[in-house]
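Colleague: Those protein sequence lines, which keep their order, are chains A and B. Its first residue numbered 0, the first sequence is counted upward by one per residue in numbering that gives the first Met the number 0. Its first residue numbered 0, the second sequence is counted upward by one per residue in numbering that gives the first Met the number 0.
No lab work stands behind these hints: they were computed from the structure. Errors might be hidden in some of the hints.
Straight-line distance between alpha carbons at most 25 Å, and here's what the computed PhoX-like set of lysine-lysine pairs gives [claimed, not checked]: (1) Lys430/A / Lys430/B; (2) Lys20/B / Lys245/A; (3) Lys20/A / Lys430/B.
Number of protein chains: 2
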Amino acid sequence: MDVFFRPRGCAVVGASREPRKPGHQVLRNMQAVGYPGNLYPVNPRETAIAGLGCYPSLTALPEPVDLVVLCVPAAAVPGVLEDLAARRRERGDVGGLITTPGGYAETGTEEGRARQADLERFCRDLGILHLGPNCIGVIDNRNRVDTTFLLGTAHQPGGVSFLSQSGALGAWLLQSWSSRPRPVGFNRFVSLGNMVGVDLVEALAYLGEDPATTAIGMYLEGYPDARRLLTTAAGVAARKPVVVLKVGVSDAGRTAAASHTGALAGSDELYDAAFRQCGVLRARTMEELMDTLHACDTLPEPPGNRVFLMTHAGGPGVYATDALASLPELEFAQVLPSTRDRLRAILPPFSSVCRPEGHLDMTASGTVEQHAAALETLLADPGVDAVVLLDLPTLFLSAEELAAGLLEAYRRSLAASGRPKPFLPCLMAGKWVVEGRRLLEEGGIPTFETPDRAGRALANLVRYRALREAARRAAALGSGAGAPAAAGRRVLTELEAYPRLEAWGIAVARWRAARDAAEAARAAQEIGFPVALKLVSPDLPHKSDAGAVALDLDGPEEVARAWERAEAAVRAHHPELDLRGGLVQEMVRGREMIVGGVRDPQFGPVVMVGMGGVLTEHFRDVSFRLAPVDHRQAGEMIGELEALPVLQGARGRPPADLDALAEVVVAVSRYLSTAPGLVELDLNPVMVGERGRGCRAVDALMVVSG
Amino acid sequence: MDVFFRPRGCAVVGASREPRKPGHQVLRNMQAVGYPGNLYPVNPRETAIAGLGCYPSLTALPEPVDLVVLCVPAAAVPGVLEDLAARRRERGDVGGLITTPGGYAETGTEEGRARQADLERFCRDLGILHLGPNCIGVIDNRNRVDTTFLLGTAHQPGGVSFLSQSGALGAWLLQSWSSRPRPVGFNRFVSLGNMVGVDLVEALAYLGEDPATTAIGMYLEGYPDARRLLTTAAGVAARKPVVVLKVGVSDAGRTAAASHTGALAGSDELYDAAFRQCGVLRARTMEELMDTLHACDTLPEPPGNRVFLMTHAGGPGVYATDALASLPELEFAQVLPSTRDRLRAILPPFSSVCRPEGHLDMTASGTVEQHAAALETLLADPGVDAVVLLDLPTLFLSAEELAAGLLEAYRRSLAASGRPKPFLPCLMAGKWVVEGRRLLEEGGIPTFETPDRAGRALANLVRYRALREAARRAAALGSGAGAPAAAGRRVLTELEAYPRLEAWGIAVARWRAARDAAEAARAAQEIGFPVALKLVSPDLPHKSDAGAVALDLDGPEEVARAWERAEAAVRAHHPELDLRGGLVQEMVRGREMIVGGVRDPQFGPVVMVGMGGVLTEHFRDVSFRLAPVDHRQAGEMIGELEALPVLQGARGRPPADLDALAEVVVAVSRYLSTAPGLVELDLNPVMVGERGRGCRAVDALMVVSG
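Using the sequences and the accompanying hints, generate a full structural model.
Modeller: So, in structure tokens, the structure goes:
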């Protein structure tokens with residue numbers, strides 16, 4: 000992909016004298032960024048555009064040209080491609096082509112799709128690397144290339160690179176960054192468009208290898224092979240932060256699934272789980288995306304998660320305390336007694352120091368010098384990993400003077416310790432702090448509009464420390480067994496499912512098949528009382544709704560009576576039902592959990608664990624992973640459940656056997672990733688006993704490909 | 000309180016020539032706002048300040064003075080008060096006093112508290128209404144008063160009034176509003192400081208009566224009589240929106256409570272429930288507070304909650320769809336077939352119209368005229384209650400031209416229909432859209448930085464429609480039975496609690512007391528099997544943790560054996576325990592719910608309902624109200640539970656008897672508001688049967704004042 004970022008010579012086909020045309024603005028942007036190579040407008044009807052000599056065709060260009068930017072409408076493209084083919088035959092250059100306009104497959108028309116196929120074939124046949132169509136191209140602030148037609152991009156170099164599946168969203172990001180007191184720097188920007196040629200995964204891997212890229216941002220709408228995207232992202236995230244804004248959260252999601260697991264595995268839930276597993280930071284809003292990328296590029300990695308909040312404004316300080324306390328990634332720092340004493344000595348009387356812990360309010364009488372001294376003192380404390388500061392300019396304290404003082408203090412502190420820590424000043428008074436923010440940002444310290452945004456960015460830096468480790472482990476994930484055939488799904492009965500589960504080493508509560516009430520009574524005696532009884536039919540996945548289940552049966556007569564009652568109830572509600580007899584099963588006590596899995600068309604096999612029972616889909620307290628997982632990963636999944644404290648033994652109850660539960664998760668994940676015929680599986684509930692007592696599935700719903 | 004907002008004559012004591020002193024800036028702000036009365040600097044060492052003749056004392060002022068602003072340090076105040084007393088004796092004016100500086104009770108010192116008491120006594124004795132100390136005073140943009148020393152407030156008149164318990168937070172709000180492309184207008188601003196004299200509730204009631212105030216914002220840290228604050232707010236919210244930013248969410252909360260209800264009733268949970276009950280909009284962030292107030296003042300009330308999203312930018316459109324879909328208050332509009340046809344006719348080819356419903360993307364080729372025509376078409380559709388628009392300026396579409404076109408279209412639409420609907424344009428490209436935003440806002444249409452923020456503001460407008468109704472009903476809430484005595488709490492055993500509950504008409508599962516195993520066996524036979532058995536001790540509120548409970552006992556021998564086992568278990572773990580015998584109780588099946596209440600020191604009696612059982616505190620699926628509640632309000636509480644669908648009969652299970660559950664909530668709320676000795680009450684679980692079958696408490700924990 001170097002051809003897009005370091006082209007010797009670039010031609011703009013469809014160049015225009017009209018300022019409101021992309022074919023004009025691309026030339027202007029190339030000039031604005033300071034493109035160092037030859038820049039050629041191509042338009043047979045003009046002689047000069049934007050001060051550059053204009054050429055009638057690509058074949059007419061005198062010097063080597065590596066990159067062509069197409070700004071002509073789709074209908075005019077075939078003529079250009081002929082010219083391009085001729086150029087390539089004659090000169091052998093033009094390794095890269097960017098097609099800016101739309102009119103291709105994104106229109107949803109037959110004509111558009113055919114055009115796109117032609118373009119794809121042309122580039123493949125001629126060995127040209129293509130970007131687009133329907134994209135705004137690339138920017139590289141280091142090598143000085145800008146093939147977009149955006150207005151007003153500030154070409155501030157920096158370390159962030161950004162991949163966008165939407166040109167407009169990229170424009171939003173770049174225009175916002177360019178509007179800040181000091182424009183946010185970035186390295187490369189790639190608008191992917193319809194992904195003919197360069198696709199998302201390739202571009203991500205390429206930027207992953209780019210030494211000048213310190214962090215990668217991505218706007219993601221979707222990708223057909225999500226598993227490949229995520230495993231590639233894991234490889235990149237092991238080395239540098241990958242921050243993704245994934246949209247489509249509100250999609251209707253998957254259609255009818257037989258299992259709880261299938262119903263819970265909407266595409267967004269799977270993306271969310273896979274991001275976590277693969278070490279990708281997910282941003283929920285544009286602000287979070289922008290702030291996190293900026294912070295990743297400009298702030299040092301925090302040594303830990305202990306944050307100190309300093310302020311001279313009471314109310315905003317309480318507000319910020321709430322904002323920081325709401326972030327589970329962060330905790331408030333506890334400073335040394337010597338730090339506390341020193342703060343008390345240097346700050347104004349009536350300052351509130353470390354009440355509560357990790358917080359100081361020096362009151363509105365705090366001077367620049369007092370701010371600076373407090374910052375140095377805090378950064379020197381080994382218990383402080385990061386400092387967030389709030390500033391509202393007052394009569395007594397201008398934002399510019401404070402910014403200058405803080406900058407010096409931060410530099411002194413860095414020189415003294417050599418160990419940089421993140422410092423996140425929030426300057427919160429709109430236009431009254433523009434100059435103060437510019438000063439700090441020119442000094443290399445990012446500033447924030449609100450403490451909420453600063454806290455979120457810091458929390459993401461902290462989170463990345465753990466995610467990088469996850470990314471390293473996830474890089475080993477394979478591509479997974481293929482997707483299931485669309486047709487021919489078959490729901491197995493419990494009688495069919497249990498032997499399969501047992502063959503995979505998954506513990507099932509003791510059970511016996513029975514064909515009638517008498518057999519059931521005998522089976523119950525073999526198992527020992529109390530028992531459960533279930534009638535079985537392939538058409539009855541939710542047995543308890545239909546009266547087909549009886550629990551806690553305490554003797555052979557009770558079992559026989561229960562069989563008769565259940566059969567009558569089922570026949571009354573579903574006279575057409577194909578009843579295949581039933582089974583008797585030991586009653587097992589324990590915490591009700593669910594372990595399940597589905598084979599997803601985009602993600603391949605995924606495994607789930609969560610709180611089981613009838614409220615599973617209601618409380619949605621579940622955790623997903625791409626399968627297979629090992630014992631440690633299964634333990635991490637269980638660790639993500641909100642109900643973890645209950646499982647670990649809240650209120651003096653004995654802890655549950657979470658090791659045994661993790662083993663079931665591992666076994667289910669292996670089963671799914673090894674047996675491509677297994678489409679959906681619910682073990683719900685798995686009854687988890689006290690620690691050391693193991694766990695056993697007491698119900699199973701299994702869907703296989705027919 | 001008129002004296003602060005319409006003073007004939009205002010004196011600033013402690014006036015200064017030094018621009019960085021409050022005593023100077025107050026004069027500048029009074030001049031900037033255009034104060035129409037006489038303005039007197041008072042300072043014995045100066046002759047003129049800010050172009051105004053300076054006076055040595057209050058008694059020396061020639062004309063009537065209604066308001067005095069004190070800008071002298073606390074230590075100099077006694078001398079000023081003597082002067083003030085003399086003035087009041089001689090001239091009878093000066094009805095209002097604002098004390099700006101701190102140094103009073105907020106310092107936490109004995110000296111500060113004594114000073115504050117002196118100030119309070121002085122004002123009370125002389126009949127002077129006092130605001131502060133430790134505050135920044137008031138602003139009134141209509142009557143042109145500004146006693147603050149803030150920098151750069153734009154005195155743009157508008158309908159919002161704001162009450163702040165923090166001067167700095169008020170400054171944040173006003174400086175942010177003043178920094179927008181067009182400053183946000185407001186009517187009155189009051190900084191409350193230490194609330195000597197004017198307190199929060201009085202100020203709120205006063206602004207509630209102010210006809211020029213259309214919406215009230217409040218920054219709230221806390222108020223000792225929260226119940227009084229909230230019932231006053233209900234009276235105001237029945238007429239105009241009250242939007243509150245309440246901080247202190249992260250407070251450690253209440254100390255040890257015996258009951259689940261007590262443990263869940265942290266002060267923030269009670270504020271949250273009371274806001275909802277009393278019709279107060281709670282904003283979670285500064286942005287939400289500012290956007291909601293601005294929207295309340297400038298947007299018409301939406302006729303319903305159906306929103307249409309129009310955009311010319313694909314990616315940002317998908318992003319905005321997620322943002323709007325995440326707001327439960329809103330739904331996407333379904334337009335008439337004729338609207339859809341008209342949109343298709345006027346918009347560019349390949350526009351995506353109503354795919355998905357309530358959404359159109361006219362692609363980047365949409366012109367100003369097409370935007371305008373689409374807006375008019377949508378506003379005319381009876382199925383559309385509000386329109387959100389996204390704009391990113393492009394080469395082809397400038398923000399200013401678009402703004403002008405939209406403004407005209409909106410006005411035409413209003414003239415044609417006469418029924419205004421909210422229109423919320425989001426202009427999202429930083430400095431490239433400043434002029435466009437200014438144009439729209441000068442035309443009366445608020446603009447938004449992101450679709451998230453627009454959606455949130457619109458959702459709050461929609462929410463207010465329902466809240467206003469709640470506010471009307473809540474205005475009838477009394478002050479509640481008083482707070483409990485701090486000492487002498489006593490936990491009742493179930494044996495003591497059940498008769499009291501039954502006397503209040505609360506259904507309890509059938510029970511019999513027993514002193515030993517033999518009595519228990521006999522009692523069980525009277526009740527009928529199966530039964531539960533519980534040993535009772537005043538020191539054992541969580542019986543099941545100690546082995547003191549046995550369930551599902553199925554015959555007299557089993558009961559007797561269970562008694563022996565339970566007694567041995569309890570004695571083994573707690574040899575010191577005062578065992579008072581036990582009870583036998585019928586086993587009741589049903590959904591496990593909790594109904595409870597506490598008497599809170601700030602809120603008085605409050606009632607709670609939620610999902611019961613051992614996971615109550617874990618899932619926190621509960622709803623609170625100030626007690627008493629009626630049947631309808633109890634039903635609304637149940638309606639707020641996340642588990643509602645399960646209770647209503649998800650998955651074909653029969654619905655639960657929610658009417659009976661509501662009756663228990665009503666009875667508990669009456670019990671609490673009538674019996675001041677009742678401090679905490681948990682009925683957990685209340686077993687709720689199928690509809691028509693009623694419900695019964697099977698466990699009770701009751702704390703009374705000793």
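Colleague: Take the hints in turn and mark each one as holding or not.
Modeller: Cross-check of the supplied hints:
| no. | hint | result |
| --- | --- | --- |
| 1 | Lys430/A / Lys430/B | 12 Å, holds |
| 2 | Lys20/B / Lys245/A | 51 Å, violated |
| 3 | Lys20/A / Lys430/B | 22 Å, holds |
Hint 2 from the earlier list is the only one contradicted by this structure; the remaining hints agree with it.
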